[in-house]
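Q: One line per chain: the protein sequences are A and B, in this order. Sequential numbering from 514 applies to the first sequence in the working numbering. Sequential numbering from 514 applies to the second sequence in the working numbering.
Keep in mind that the hints were calculated from the coordinates and are not lab data. Quantities reported herein were computed from a predicted structural model and do not represent experimental measurements. Not one of these hints is a red herring.
Put simply, identical chains are the same to the list, so a pair is met inside one copy or across any two.
EDC-like, lysine to aspartate or glutamate: derived pairs with alpha carbons at most 20 Å apart:
1. Lys796 with Asp588
2. Lys619 with Asp588
3. Lys620 with Asp588
4. Lys720 with Asp810
5. Lys720 with Asp813
6. Lys851 with Glu530
7. Lys796 with Glu766
8. Lys540 with Asp571
9. Lys685 with Asp801
2 protein chains.
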Amino acid sequence: MSDNVTLSLAEMRELSETILMDNGFNKDHARSITDIMYACQQDNCHSHGLHRLLMCVDSIKSGRIDGTAAPTITDAGPSVVRANANQGMSLLAFQAALPQLIEKAKKNGIAALAINNCYHFSALWPEVEKLSEAGLAAIAMVPSHAWVAPAGGTRGTLGTNPLAFSWPRIGKHPFTFDFATSQFARGEIELYRRAGKALPEGVAIDKDGQPTTDAEAAMNGAMLTFGGYKGSALSIMVELLAGPLIDDLTSKESMEFAQGKPEAPYHGEIIIAIDPNLLSGGKTLANDERAERLFADIIDQGARLPSQRRYIAREHNMKRNAVEIPRTLYEELLTLRKS
Amino acid sequence: MSDNVTLSLAEMRELSETILMDNGFNKDHARSITDIMYACQQDNCHSHGLHRLLMCVDSIKSGRIDGTAAPTITDAGPSVVRANANQGMSLLAFQAALPQLIEKAKKNGIAALAINNCYHFSALWPEVEKLSEAGLAAIAMVPSHAWVAPAGGTRGTLGTNPLAFSWPRIGKHPFTFDFATSQFARGEIELYRRAGKALPEGVAIDKDGQPTTDAEAAMNGAMLTFGGYKGSALSIMVELLAGPLIDDLTSKESMEFAQGKPEAPYHGEIIIAIDPNLLSGGKTLANDERAERLFADIIDQGARLPSQRRYIAREHNMKRNAVEIPRTLYEELLTLRKS
Numbered sequence: 514m515s516d517n518v519t520l521s522l523a524e525m526r527e528l529s530e531t532i533l534m535d536n537g538f539n540k541d542h543a544r545s546i547t548d549i550m551y552a553c554q555q556d557n558c559h560s561h562g563l564h565r566l567l568m569c570v571d572s573i574k575s576g577r578i579d580g581t582a583a584p585t586i587t588d589a590g591p592s593v594v595r596a597n598a599n600q601g602m603s604l605l606a607f608q609a610a611l612p613q614l615i616e617k618a619k620k621n622g623i624a625a626l627a628i629n630n631c632y633h634f635s636a637l638w639p640e641v642e643k644l645s646e647a648g649l650a651a652i653a654m655v656p657s658h659a660w661v662a663p664a665g666g667t668r669g670t671l672g673t674n675p676l677a678f679s680w681p682r683i684g685k686h687p688f689t690f691d692f693a694t695s696q697f698a699r700g701e702i703e704l705y706r707r708a709g710k711a712l713p714e715g716v717a718i719d720k721d722g723q724p725t726t727d728a729e730a731a732m733n734g735a736m737l738t739f740g741g742y743k744g745s746a747l748s749i750m751v752e753l754l755a756g757p758l759i760d761d762l763t764s765k766e767s768m769e770f771a772q773g774k775p776e777a778p779y780h781g782e783i784i785i786a787i788d789p790n791l792l793s794g795g796k797t798l799a800n801d802e803r804a805e806r807l808f809a810d811i812i813d814q815g816a817r818l819p820s821q822r823r824y825i826a827r828e829h830n831m832k833r834n835a836v837e838i839p840r841t842l843y844e845e846l847l848t849l850r851k852s
Numbered sequence: 514m515s516d517n518v519t520l521s522l523a524e525m526r527e528l529s530e531t532i533l534m535d536n537g538f539n540k541d542h543a544r545s546i547t548d549i550m551y552a553c554q555q556d557n558c559h560s561h562g563l564h565r566l567l568m569c570v571d572s573i574k575s576g577r578i579d580g581t582a583a584p585t586i587t588d589a590g591p592s593v594v595r596a597n598a599n600q601g602m603s604l605l606a607f608q609a610a611l612p613q614l615i616e617k618a619k620k621n622g623i624a625a626l627a628i629n630n631c632y633h634f635s636a637l638w639p640e641v642e643k644l645s646e647a648g649l650a651a652i653a654m655v656p657s658h659a660w661v662a663p664a665g666g667t668r669g670t671l672g673t674n675p676l677a678f679s680w681p682r683i684g685k686h687p688f689t690f691d692f693a694t695s696q697f698a699r700g701e702i703e704l705y706r707r708a709g710k711a712l713p714e715g716v717a718i719d720k721d722g723q724p725t726t727d728a729e730a731a732m733n734g735a736m737l738t739f740g741g742y743k744g745s746a747l748s749i750m751v752e753l754l755a756g757p758l759i760d761d762l763t764s765k766e767s768m769e770f771a772q773g774k775p776e777a778p779y780h781g782e783i784i785i786a787i788d789p790n791l792l793s794g795g796k797t798l799a800n801d802e803r804a805e806r807l808f809a810d811i812i813d814q815g816a817r818l819p820s821q822r823r824y825i826a827r828e829h830n831m832k833r834n835a836v837e838i839p840r841t842l843y844e845e846l847l848t849l850r851k852s
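In isolation and in its complexed conformation, chain A is listed as follows (with noise of 0.2 Å):
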């Protein structure tokens, strides 16, 4: 027996949508959700695919989440649009802005959403490329638990603090990338400490702020920063734009919030959009032919551009009109469907 199991992608979106629902989510809520675990799942980003509906579950077990929050679009000035998704995940409530947010971005040149009050689970790529795929550059952040220290510092005060950013090219799939600004990701660290594996060097203090390779270790003291001070201060810049620029928390607040229960993350999020249209002057077409001469010269020296391997995962997964994910993964979703 494989250890995998083969999903049409039909049969991936009624699994999520089913759990989901039978769960307390709406079919709005389930719906958004699906979309983005869906996305994830057929580019094999597997941390942020299927696997997730678990947290979801959690979550909404935890009693706090409202499964049927519908969020508040708010046209809260000429170049912003806020939506509240009042306790509810944060998806529904970006699917609900984007239209405002694209208008705005296009209309006015750059626009941000904040979305308040949101439970947040999910990647950033897949927001950040429905604006690409808009023709619109974007740039996502959210804070989430502090579990990461400061360069120099001794105890977790930032979130692993992800970054992503999308570029539209005419044609091709957009240039994406979603990254921790911690070194590693928590989920990985999580691994490391189940396989009972030393972690590599610059990862991880322990409780006392000494650099451990302990997972356990790392696990209850705190992460580092990626790139040193660099790292450090980009993602104190996520957890400003992000929390306090919004009217939201930090990923201390967040956690504190929390209280050590099983469920998503509770805070807010950014996302900036540009339109390269406005900002060229309406010279598009010549600046993206300049923007895949940069691509083509990094491709050339035998450099990957981010994303690619998820690109050509979709590819493949939807030509064969399926994806595969681990039968242990199958069998605990199959026990949480009560249809």
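On the provided structure of chain A, position chain B as indicated by the hints.
A: For chain B alone, coordinates are given in the frame of chain A:
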């Protein structure tokens, strides 16, 4: 005899303006360039202080920079200002466009300034700090010359591509950072070369794309980005947003344009300004306190906020109303005076 010369702040300003005007910059350019060098020198940022007068004079001597170019400021969209430097130095264009950028950011919540066709030599932090003085958060980016290899690459394609950020703090110096996305600044490699010192590992590759610690080989090869593939992705983002997005040159195009001349790089710059008051729905005070709790938690564990050393130097130099510069630099600068 001391190796340093002490100049009063007024003497420093007078020296800088005189040298610039003696060498072909008009009064407006001389003042706007001096403002920024003055700010850097006052903060003991020697690399971007009076030292850069040498580059300014070299640049104008090379015959392509227009020392009298008046920038053209255009209202390029509800949230976009365009400043065409018209082949002059960037700083006068920035200064001329600043009021409109502030006005648009405060009115609309977020706005962008695209500076085009400018020669550029300056640190970015004085610019983003001008915006945080006006109560705005700001991000600035510029390309440079194609000295930096992408992660996994073998040759220079990207610039040192600095990213600067400033966050306004009520009653305090702002939270500001300004760093190259290359591991080292170009000038640092040059200092190692002159001193005959070996570079640390991971900073550069030679002309065959092989790792090197030889500074001479690094100057003929390429520098590496900070933080591996994440820093590389960030550098590409800077390249795109400060280049093709705003219809201006990439670092590679800028390097080709320079034809090896010893002048400041010619390209564009992007600055994004965001209004915390509008984005927080008018809750600036409560969110300033929230940001301060974050900063306090960082400092409390013995970590430093970026720019703290700079602010200490500033207070010291303002109090004594003087700066110190190396005697060798001072004497070299005196030879550039013609009046």
